[in-house]
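Visitor: Single-letter residue listing:
2 protein chains.
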Amino acid sequence: MAIKAHKVGIVGLGTVGSGVAKILLEEGERVRRHAGQPIELSRVVVRDLEKPRQCELPDKILTTDISEITNDPEISVVAQLIGGLEPARSIMLQLLESGKDVVTANKALLAEHGTELFNRARELGRSIAFEASVAGGVPIIANLSQCLSANQILSLRGILNGTSNFIVSQMEEHGADYSQAVAEAQRLGYAEADPTMDVDGTDAAQKLAILAHLAFGADVQWPDIPRIGIDGLDSTDLRWASELGYRVKLLAVARLNEDNLELHVSPTLVKLGTPLSEVRGANNAISVVGDMVGRVFYHGLGAGQLPTASAVVADLIDTTVGRSAITFRTLDLWSEATSKVLQTNHSSISGRYYMRFTVEDHPGVLADVSGSLGRNEISIASIIQREIDDDNVQGDDVSLVIMTHAATEGNAAAAVREIDALPSVRAGSVRMRVLD
Amino acid sequence: MAIKAHKVGIVGLGTVGSGVAKILLEEGERVRRHAGQPIELSRVVVRDLEKPRQCELPDKILTTDISEITNDPEISVVAQLIGGLEPARSIMLQLLESGKDVVTANKALLAEHGTELFNRARELGRSIAFEASVAGGVPIIANLSQCLSANQILSLRGILNGTSNFIVSQMEEHGADYSQAVAEAQRLGYAEADPTMDVDGTDAAQKLAILAHLAFGADVQWPDIPRIGIDGLDSTDLRWASELGYRVKLLAVARLNEDNLELHVSPTLVKLGTPLSEVRGANNAISVVGDMVGRVFYHGLGAGQLPTASAVVADLIDTTVGRSAITFRTLDLWSEATSKVLQTNHSSISGRYYMRFTVEDHPGVLADVSGSLGRNEISIASIIQREIDDDNVQGDDVSLVIMTHAATEGNAAAAVREIDALPSVRAGSVRMRVLD
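If you read the protein sequences in the order shown, they are chains E and D.
To get my numbering, take the position in the first sequence, counting from 1, and add 19.
To get my numbering, take the position in the second sequence, counting from 1, and add 19.
Among the hints, a few may not be true.
Note that identical chains are pooled: a pair holds if it fits in a single copy or bridges any two copies.
Think about it this way: if two alpha-carbon atoms lie no more than 20 angstroms apart in a straight line, the pair counts; the simulated EDC-like pairs of lysine to aspartate or glutamate are [unchecked claim]:
{"id": "1", "residue 1": "K359", "residue 2": "D219"}
{"id": "2", "residue 1": "K41", "residue 2": "E75"}
{"id": "3", "residue 1": "K26", "residue 2": "E93"}
{"id": "4", "residue 1": "K359", "residue 2": "E46"}
{"id": "5", "residue 1": "K41", "residue 2": "D310"}
{"id": "6", "residue 1": "K359", "residue 2": "E281"}
{"id": "7", "residue 1": "K23", "residue 2": "D351"}
{"id": "8", "residue 1": "K359", "residue 2": "E48"}
{"id": "9", "residue 1": "K290", "residue 2": "E192"}
{"id": "10", "residue 1": "K290", "residue 2": "D439"}
{"id": "11", "residue 1": "K290", "residue 2": "E45"}
{"id": "12", "residue 1": "K290", "residue 2": "D84"}
{"id": "13", "residue 1": "K359", "residue 2": "D196"}
Hint data in this document are derived by calculation from the structure and do not stem from the laboratory.
Kindly produce the complete structure, drawing on both the sequences and the hints.
Guide: Encoded structure:
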């Protein structure tokens, strides 16, 4: 008996869409084996038929008319691979309303309109699968929503933006300054012409919002996640971090405290030799702690055509075989139920800090600085007053680098404000979190 | 409307069984949320009712009579958590035949009787889920069978035996010799009173056989996997490895060559700073390369009550919601279909080697050794003739440590046999693989 092929569609044939088409077309036998039935790419919707494509498509598959998918009852699953918010949102609603299950890689769309889209899908009895929306080829969505289902997740720490990690790795390994490293990332295709959303922490915050929904049932709006990007990073601090036995990583953190959830994205000192510190280049990694399983660490390519397409095709297979529908139904995601946990007041978050000040080299300065820290209940773990190759220090000034014991974000910020106002302290002080 | 609870049973209340019972009983609300319905532990079968237990069970749940599960039509899923081959095999068949879906953590049983058990389950329309059988809390089974389904897996490299990794870490970090490290592992509960199966590579080979079925469709019998354990490991070689920039790990490797599959378990030199080299203590890790996704790395606790129970409960949830049935159906596991790939002839496997010889310190010895290597088509990448703190060297003898370029296993073995027969070479030469 011939098994009937499952027909799927793609909307958007950019980098990821082309990768998905390539896998479905060139690796059909593999996909058939893993899905238990053939999966046939039957329609691809694009904006411009004439644009040169990265993949060869069979005749007549390509169309500019979405109704060729929405009106085709044989297509039951669609990979919606347009970026941005509109028309991605409208197309997604249109697909759901025409009875299609949807697979997407669009994290901005989910972070912004997740509640609307998930509610609509639930009303319509459809599913949305979104493995590719976070961390590319690292299957963190399936792992959180399925493999770790016996756990209360206690914390998530992720390197979720490959562009930023590539840039910081370049600065660290080649002594490049920030703008040189950005140029190199652009040259190699790791950064967009306008890399703002990657380097200012927006992209990582959007991904963290998705993971926080999944892992903690937290109803988080991504703009509410305090975030600092790598765009202000000074290579001097990478050298200091290295001296102290650390690497700087743009870290997205979610940590469950008693009854609230700590969330932030910021450049953070991570101890050398720990798995997160060894994540180089455009890789992503996530360290998850569950109350039963302990720490599980995932590492892989966070972006790129084929790693991301790998995640989309896995979702297409999961959807055609029926697993996505079950997962979507059992996960109460972006529901209108009350959020299970509220976000921590940012100023009360506690942790260790790295601080660097440029100060005049005369007696009394250290007493002033340490006095400010003491008044703000910050105790000093170690202090170095010494010049390493420091672009910011001129004349008789010296660098003062301080590692603190645990302090609250509010106190740390207040202390640095106070120290910055001291007459013997120059502008441009630096404060970064240190991972415990 | 009250949702009816899904009733499950447990057979075997040892360490893992107690952990599973604990999660189901104490974290019922969490399990209900993740499964979309309550899961009720309704019967636990043990051999001895009087034995003290690690967990509190409700009255009348405990029984010695398996028919209280097999005859109860309301119990649809059973966690079969007895170790060893019999009666585990018979009980598993009995459970399947009475219409139960089964979840198991018993890797030896699957490695030995997988084909029989999986065929029987298929005939009966039942499923077997086995996440906990490999790497404890690291969800490698779900990741291979589901998350990476768009990929042809190209290679797997795993640290799959936590006991061995703990022992080698102890030897390396504390300079302990093998027997001291085993004693410490036993004291801390990381090694059994008789640790043979862990330290001689059997356990890792059984797990590798399961992963090879899953990732490559290979019909592998675990006794056919060439394996060397850590039981012959000399701390001298850990020191040499460290000098050369490596750590020694008991590595299980599966690598797809043109049309055959390379499989082996052996202590292997892994470059410092790479993720696998940083796996310490009783942790497990697996590095998987897929043709689309690239390299994905997983790291976590490979054993222990709660990490393993976490995997079993995830499987129980997957089975009650229906995901396991789909996965079991679509994965053509341990089927009687022809194996998709044959195991490579071991002697033709190629790789780099670390070799250590103890030789008389006189002219001509080096020429003899390098002559033997050359005759066997092995070229030398680096050579050190120097004493480090080496317990094996006495009198005027010296250590000769050689790192080779890629050579076949057959040639490397032949060369060492030849060198061992030289009059100026002492007994006890060492040869280990080096990870590329």
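Visitor: If a hint holds in the structure, say so; if it doesn't, say that too.
Guide: Against the structure, the hints come out as follows:
Neither within a single protomer nor between protomers do K359 and D219 lie at most 20 angstroms apart by alpha-carbon distance, with minima of 29 angstroms and 48 angstroms respectively. Taking CA atoms no more than 20 angstroms apart as the test, K41 paired with E75 passes inside one copy only; the shortest distance there is 8 angstroms, against 55 angstroms between copies. Taking CA atoms no more than 20 angstroms apart as the test, K26 paired with E93 passes inside one copy only; the shortest distance there is 6 angstroms, against 38 angstroms between copies. Taking the closest pair of Cα atoms, K359 and E46 come within 20 angstroms of each other only across two copies (16 angstroms); inside a single copy the shortest separation is 42 angstroms, beyond that limit.
For the identical chains of this complex, K41 and D310 are inter-copy neighbours only, at 13 angstroms across copies versus 40 angstroms inside a copy, given an alpha-carbon limit of 20 angstroms. Proximity of K359 and E281 under a CA criterion of 20 angstroms is satisfied intra-copy only: 14 angstroms inside one chain copy versus 49 angstroms between copies. For the homomeric pair K23 and D351, the shortest alpha-carbon distance between copies (18 angstroms) is at most 20 angstroms, but the shortest distance inside one copy (32 angstroms) is not. In this assembly of identical chains, K359 and E48 lie within 20 angstroms of each other by CA distance solely across copies; the values are 13 angstroms between and 44 angstroms within a copy.
Taking the closest pair of Cα atoms, K290 and E192 come within 20 angstroms of each other both inside a single copy (16 angstroms) and across two copies (19 angstroms). In this assembly of identical chains, K290 and D439 lie within 20 angstroms of each other by CA distance neither inside one copy nor across copies; the values are 27 angstroms within and 45 angstroms between. For the homomeric pair K290 and E45, neither the shortest alpha-carbon distance inside one copy (43 angstroms) nor that between copies (36 angstroms) is at most 20 angstroms. In this assembly of identical chains, K290 and D84 lie within 20 angstroms of each other by CA distance neither inside one copy nor across copies; the values are 52 angstroms within and 53 angstroms between.
In this homomeric assembly, K359 and D196 never come within 20 angstroms of each other (Cα to Cα): the closest approach is 43 angstroms inside a single copy and 51 angstroms across copies.
Consistency with the previously given hints fails for numbers 1, 10, 11, 12 and 13, ordered from lowest to highest.
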